[in-house]
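2 protein chains.
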Amino acid sequence: MESAAPHRVVVVGGGFGGVQAVRKLRRAPVEITLIDRRNFHLFQPLVYQVATGALSAGEIASPLRAIFKRDENVRVLLGEVTDFDLTGKRVLLDRLPDGGGPREIPYDSLIVGAGSSYSYFGHDEWRPLAPDVKSLESALEVRRRILTAFEAAESEQDPDRRAAWLTFLVVGAGPTGVELAGQIGEIARDTLRRDFRTIDTRTARILLVEMADRVLPQFPPGLSEKAARSLERIGVTPLLERTVVEIDEESATLRGVSGASERILAQTVAWAAGVVASELAARLAAQAGTGVDRAGRVAVGPDLTLPGHPEVIALGDMVQVHDAEGTPTRLPGLAPVAMQQGRYAARAIRDRLGGRQPPPFHYRDKGNLATIGRAKAVADIKGLHLSGLLAWVTWLLVHLFYLIGFQNRLLVFIRWTLSFVTRGRGARLITATEPP
Amino acid sequence: MESAAPHRVVVVGGGFGGVQAVRKLRRAPVEITLIDRRNFHLFQPLVYQVATGALSAGEIASPLRAIFKRDENVRVLLGEVTDFDLTGKRVLLDRLPDGGGPREIPYDSLIVGAGSSYSYFGHDEWRPLAPDVKSLESALEVRRRILTAFEAAESEQDPDRRAAWLTFLVVGAGPTGVELAGQIGEIARDTLRRDFRTIDTRTARILLVEMADRVLPQFPPGLSEKAARSLERIGVTPLLERTVVEIDEESATLRGVSGASERILAQTVAWAAGVVASELAARLAAQAGTGVDRAGRVAVGPDLTLPGHPEVIALGDMVQVHDAEGTPTRLPGLAPVAMQQGRYAARAIRDRLGGRQPPPFHYRDKGNLATIGRAKAVADIKGLHLSGLLAWVTWLLVHLFYLIGFQNRLLVFIRWTLSFVTRGRGARLITATEPP
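Protein chains in written order, with the numbering used here: chain A, 1 to 436; chain B, 1001 to 1436.
FYI, nobody ran anything at the bench for these hints, they're computed from the structure.
Don't take each hint at face value.
[Stated by the list, open to error] Quick list of in silico lysine to aspartate or glutamate cross-link-like pairs, EDC-like style, CA-CA up to 16 Å: (1) Lys1069/B / Asp190/A; (2) Lys69/A / Asp1108/B; (3) Lys1089/B / Glu1104/B; (4) Lys24/A / Asp351/A; (5) Lys1089/B / Glu1311/B; (6) Lys1069/B / Asp200/A; (7) Lys1024/B / Asp1351/B; (8) Lys69/A / Asp1190/B.
In this text, all values refer to a predicted model and were calculated from it rather than measured experimentally.
Let the hints inform the model, and build the full structure from the sequences given.
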């Protein structure tokens, strides 16, 4: 029996950062409340594979309660965090599943990892026209549109409209955009090749729009070059140095560096560009009396705490880490960063509970991976540049390793193996957006 | 080179009957068009397992195009059949994926297997309040409600409302209702047992409402008795000789044979009762100048053809087969019936093309199976009554055998194995009904 009440840790967000933080705290003498809007942890780097029918939604998501079912000191709470009261040390919660009103959760230590979403460059009206592949629901909508487009092309009699159905435009040539475009290319060239009788799916045009002057701008130029060549071989055309200036029901208009515009007739547009931090970053900033940067991220110190609030740690895509001199550091918006920060946050809380001052967070860059298609990938691992089969196998193993849950690993492994052997995609369902 | 144009077979419905018919016709000298509203064949007997998170949607559905990709004489068409013109030998189609208007598909032989849906006893307004487990979308909605109910109970503070969240009512104690109720019982007692901190999920009440005086009325009374005992052991209470007279947002009102009513506070109601044939049965009947029976089914002769239309076969849940004397036969609304009828339809068309008169359809009853839970099932195989583990293993093997596609079989087998070992359910996601 301890005399003092246990230290209460509230973790907001069951993404990569939050889950790692809770995992590393579950043996500590603390009481943990993990809050998320969803009842599952989503393995975001593979969401685009749901959009292409390669995986089923359930295979890349793990129920949060299942992850922590054996940890008696971990409580999972479903609900939407609307704001914080840093002075009163409370998290404000709404939209609880019981339909009840707002509630407050008190904390002694707070960890916030609420992530980010795609920005539509200020054009939120494009969101329904060009769904992203970040949330599961949105990915299922992309899947519905890709598969419906081929069906529509099959029954369409007008050649111009048929061509528009067979034109797929992906906005953003970062890893997600490249992987999505590559998979659409493979669907058209391999998976669906023998499925239709009127159209030749291999005539589909897959266009990959990127603002920078090369695909995968986060990678070394040599690998971008290799990725671009792999993409072209599977029918993807990169359209570089172009931005989207307009999207409507049947087309997207691009503007190049020269200023010239072109309107492309495409019935299917998917979005994977721009990142904007969760609105909770601005809430934290407001409470701490600081601001947010252009990407909506809140500034945290070298130990990931909010200025003036050593009990509040924010991490992942929603923060901009500053070093001891106050200079912003450049950390990529990747799962490994959030995971390392989550583990660091747990250690920092344990340190403070033990009266020790935590060392500053240090990101260990283990490299950067992107897959382009069947047996094609690029990897930049501490300056070692890989491409082709070796990079692809590395990509597969790393993703399987970080998937949570033995069951999901096994199912995804089987899906990938069969998909490699048969060039098929097992989860090719067009389901309605609403129950009929 | 053949001189005559090939015989055109149009198959409406990619369910068990339609798929079997096309399979048995693909080597015949005919041109086949398979029309369905959906792009996939759904393994309906397992849809309820999607509702309980045991399986992912993609694991029990196979894209129709993938099934027939190697059959050059099979064309798959996505669209909604709205009517028939039996005189002009045309099928009328609408809601095509290209957004185009109605279209006509001519045929020489027609096979219609459009299936059935749950009747709400004339109360269609109950449909959104008590979703069924027949379509995938509806099953996903049931899954969302079951899982959300436990979440709501966990955050609910009022004990009465908490009890209502922990009350699950399943309407209909046929195989689907029994299996669904049994799985909810197992979720409450095993799967979620350690997941929550405030509620004890084992206190959940699962009520199974049935009009007849026993569960599984299609089975011999001894097996009904065994099933009822198994259900009670996993926390399911059968409420027999009762009908639903009212459903609202938070309760269902039942009426017993005595005429007494009781209102049960239950936040979650799922529907698995009553069967009504597809509306296409009435369309066929109207064209043939006959009527439909109380279940909306069209009458067909011993060779499954419409009266006066030897070129039109209707089959499965939407038909009432009459024998040579014109007496209605009693065939259960099961997948094996539809499958045998589908194969028969193919043979009958081949016979007629070869100038032979097809023999009447004869149903080979291979037995009746229902599972109740982990290692519990009942089987009635040609008078041999099995229960317990042996019946359960039979159930598993039969369902795996009839699932279409090696990939789905393997994935479902793995899900079931892991679920048996861990008592877990892998696909426990609460996803939004509409993209956020």
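So, going through the hints one by one against the coordinates:
1. For the given pair, Lys1069/B sits about 12 Å from Asp190/A by alpha-carbon distance, which is consistent with the 16 Å threshold.
2. Pair hint Lys69/A plus Asp1108/B does not hold up; C-alpha atoms about 60 Å apart against a cutoff of 16 Å.
3. For the hint linking Lys1089/B to Glu1104/B, the alpha-carbon distance of about 10 Å falls within 16 Å, and the restraint holds.
4. Pair hint Lys24/A plus Asp351/A holds up; C-alpha atoms about 12 Å apart against a cutoff of 16 Å.
5. Between Lys1089/B and Glu1311/B, the direct Cα distance comes to roughly 9 Å. Compliance with the 16 Å bound is thereby established for this hinted pair.
6. Taking the CA atoms of Lys1069/B and Asp200/A, the gap is about 13 Å. The hint holds against a cut of 16 Å.
7. Restraint check for Lys1024/B and Asp1351/B: satisfied, since their Cα atoms lie roughly 12 Å apart, inside the 16 Å limit.
8. Restraint check for Lys69/A and Asp1190/B: satisfied, since their Cα atoms lie roughly 12 Å apart, inside the 16 Å limit.
Consistency note: the structure conflicts with earlier hint 2 alone.
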